[in-house]
Amino acid sequence: MKDDLVEKLMDEVMRKMGSTEAPAAPAAEKPAAKAAPKACNLTEFVGTAIGHTVGLVIANVDPLLHEKMNIDRKYRSIGIVGARTGAGPHIFAADEAVKATNSEVVLIELPRDTEGGGGHGSLILFGAEDVSDARRAVEVTLSELNRTFGDVYGTPAGHLEFQYTARASHALHKAFGAPLGQAFGITVGAPAAIGVLMADTAAKAATVVPVGYASPGNGGTSHSNEVIFMFTGDSGAVRQAIIAAREVGKQVLSTLDGAEIVSSTKPYI
Amino acid sequence: MKDDLVEKLMDEVMRKMGSTEAPAAPAAEKPAAKAAPKACNLTEFVGTAIGHTVGLVIANVDPLLHEKMNIDRKYRSIGIVGARTGAGPHIFAADEAVKATNSEVVLIELPRDTEGGGGHGSLILFGAEDVSDARRAVEVTLSELNRTFGDVYGTPAGHLEFQYTARASHALHKAFGAPLGQAFGITVGAPAAIGVLMADTAAKAATVVPVGYASPGNGGTSHSNEVIFMFTGDSGAVRQAIIAAREVGKQVLSTLDGAEIVSSTKPYI
Amino acid sequence: MKDDLVEKLMDEVMRKMGSTEAPAAPAAEKPAAKAAPKACNLTEFVGTAIGHTVGLVIANVDPLLHEKMNIDRKYRSIGIVGARTGAGPHIFAADEAVKATNSEVVLIELPRDTEGGGGHGSLILFGAEDVSDARRAVEVTLSELNRTFGDVYGTPAGHLEFQYTARASHALHKAFGAPLGQAFGITVGAPAAIGVLMADTAAKAATVVPVGYASPGNGGTSHSNEVIFMFTGDSGAVRQAIIAAREVGKQVLSTLDGAEIVSSTKPYI
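Top to bottom, those sequences are chains A, B and C.
Just so you know, we're using my numbering here: the first sequence kicks off at 1 and counts up by one.
Just so you know, we're using my numbering here: the second sequence kicks off at 270 and counts up by one.
Just so you know, we're using my numbering here: the third sequence kicks off at 539 and counts up by one.
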């Protein structure tokens, strides 16, 4: 009976507190904590994914609205991916989408979010001349997220994130300046101090070439509590740099809170 | 007994976790969850309202401070409205206040807040030559908030907001560029992806004229996870556009979390 | 038995909700609420402190990374202090560190954080030619934090912060423009409306000279929901201004939530 009561209470509490989940433990992992999402019959609806992510598509954006949207007017159809939690996972997923579909990434913006955590959410718009291409880009992005959340690790004190691709495409070029066709990786640590140390660890662990460095006040964050290090190099070196940084990051994050540091889904690097 | 215990625990938990309430369920709605606010005898204190909103007045701002405050020096008296949760509700409420009183809105700033949610808080300063006018502007703003929170809807996954006025005045002109004396409305969706779709829905549902479009990285948000669409038109068209967007927004927000989507107070549009 | 159950539940709840603690009640105060942080054997690790603060040191920053970091290249060794919660406490603590060590503050950045609260976290980098100096600067900063959190007060509705030094040094000069060698103080209130009133109270309570005024959209915040007032004057006047503002701030903050307003550690002003 006592355990029933505990569970009932936890459910109730998590329900009321739902919007404050930690970045690396998004809603999808806590089925008991939230009401079941509802189905949606709108033709514009594509799907949802981890991180309070939603995918949508608009076949013909209203022309007067289009003028206000700060995107190239040649695309009539847009695909939309937005999330409360996660920027790196979504940008790397979008990169796979532009490789796989006849679409372009026309906008990447990073709200300061993660629902009380230290990082970003995201808003990514794909442009296409045909609505089926825009929809397909959104579908690919959503389907990649389970993988790209694999090296996102969170505790109550902060989070770590690592991403890797053997061949960067246009989304990574637009968001981070990644050289097209090259291996590319990022390390992200919050609080930002951990990100500084991980950047140095990555830079020293293998022969990589720094592409960018973003901190709370510079280089592209939206005042998130993160340092993001972006680098290229040969494929083995980029992975080696990430693995070394990940090892160090986990050790330091553990000193702030003893919660076990686990992947949001399943590590892929 | 068991229910007593549940309630006692919930009170205690909500107490400790108080600062993380979702945007559309501000403190005023959860009397059991918080300690009773205390009275205040300061002459500068005007009152409080939903959204952790406080209203204050200063009869004569210190002249040396005034120089640093980035506001027009001709006003000796200022009224102050600030909130942890809510920007649209406060700006539309302030618009009623400038219509009803002998005051001007001299500053509107939007912190990135909502206590872990995806939106803004607000800081609004009214200027007046007489302290009673400044106080009256704050009083009117506070009294309007219960109405202007009526079309704010939140769940653990995000929020929707809609505002409408038949006749925009100086606060809406200053904050959003609304044409004076015209009908004016906004749709707001978080995560921002939902706001994009609602903007398109609103633009297509009636003959409205886009006035502005704000997203996490452009157009006036403070990196909130929102897209805000602002439009004018005839009064019926503005309302019709809002109602259509609201219907779509609710359906999409429901796909992220099954929590019932309810008004923070009572819908007015 | 009932109390045991309550405690067990609270522990479990606080555990899951750990990342949403209010700014003035950082992790260090709630030992039962979190798993025990782990030890760290990395040579770069210096220590942790209140506010989810971590201190690190890098003896020789990787040269290619250094070029991207936006800091003066003459420093080979850097000390790093980062926190999820707290900017003022860390900057005033860093000011003691630069007085006490052979190091300089080369970067101060303020993420928008406090884990769902209305304020900032921080990232502070010390530069030194020798790693032992960088390490010492970090150690001094960490050791000062218990004191500098003394006049940080939080409730579920917002927070107040006050800092004072009899003699400002280079960290305060860099962060706030404080005149070197002079007495210097700040008042901080969230929601920002409270900060406006405290600024006026401080300015009128004693003969102080305003140095700066920061609000959600101007003067140096990262869109936090705070107004920060910075001032100099003779030592007694600066303290008197702070004490008057603190008294007023506590009264107003109490009107939003009845939670008792207590120091994060122990008041020092």
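Just so you know, the hints here were simulated from the structure itself, not pulled from any lab data.
A few of these clues could be false.
Unchecked claim - One side only, chain C facing chain A, incomplete, derived with CB under 7 Å:
hint, residue
1, A573
2, D600
3, G659
To be verified - Here are a few chain A residues that sit away from chain C, every Cβ distance over 10 Å (derived from the structure):
hint, residue
4, E139
5, R147
6, Q182
7, A192
8, D200
9, T221
A virtual CB, placed ideally from N, CA and C, is assigned to each residue, including glycine.
**OP:** Have a go at the G659 of chain C hint: is there a Cβ in chain A nearer than 7 Å to its own Cβ?
**Re:** Given a least distance of 5 Å, the restraint on G659 of chain C holds.
Subject >> A192 of chain A and chain C, when compared Cβ to Cβ, separated by more than 10 Å >> reply: 4 Å, violated
Original post:
Are all C-beta atoms of chain C more than 10 Å from that of T221 of chain A?
Top reply: Check fails; 8 Å does not lie beyond 10 Å.
Subject >> Reported absence of R147 of chain A from the contact zone with chain C (all CB gaps over 10 Å) >> reply: At roughly 24 Å from the nearest Cβ of chain C, R147 of chain A sits farther out than 10 Å, so the non-interface label holds.
Original post:
Under the criterion of a CB-CB separation shorter than 7 Å, is A573 of chain C in contact with chain A as hinted?
Top reply: Holds, because the Cβ-Cβ distance from A573 of chain C to chain A comes to roughly 3 Å (cut-off 7 Å).
**OP:** Over 10 Å to the closest beta carbon of chain C is the bar; see if E139 of chain A clears it.
**Re:** 32 Å, holds
**OP:** Compute the least Cβ-Cβ separation between Q182 of chain A and chain C, then decide whether it is above 10 Å.
**Re:** At about 16 Å from chain C, Q182 of chain A clears the 10 Å cut-off, so the statement holds.
Original post:
Would you say D200 of chain A is clear of chain C, with no C-beta pair closer than or equal to 10 Å?
Top reply: The assertion about D200 of chain A is violated, with a minimum of 5 Å to chain C.
Original post:
Is the hint on D600 of chain C kept, meaning its closest Cβ partner in chain A is under 7 Å away?
Top reply: 4 Å, holds
Checked against the numbered hints given earlier, this structure breaks hints 7, 8, 9; the rest are met.
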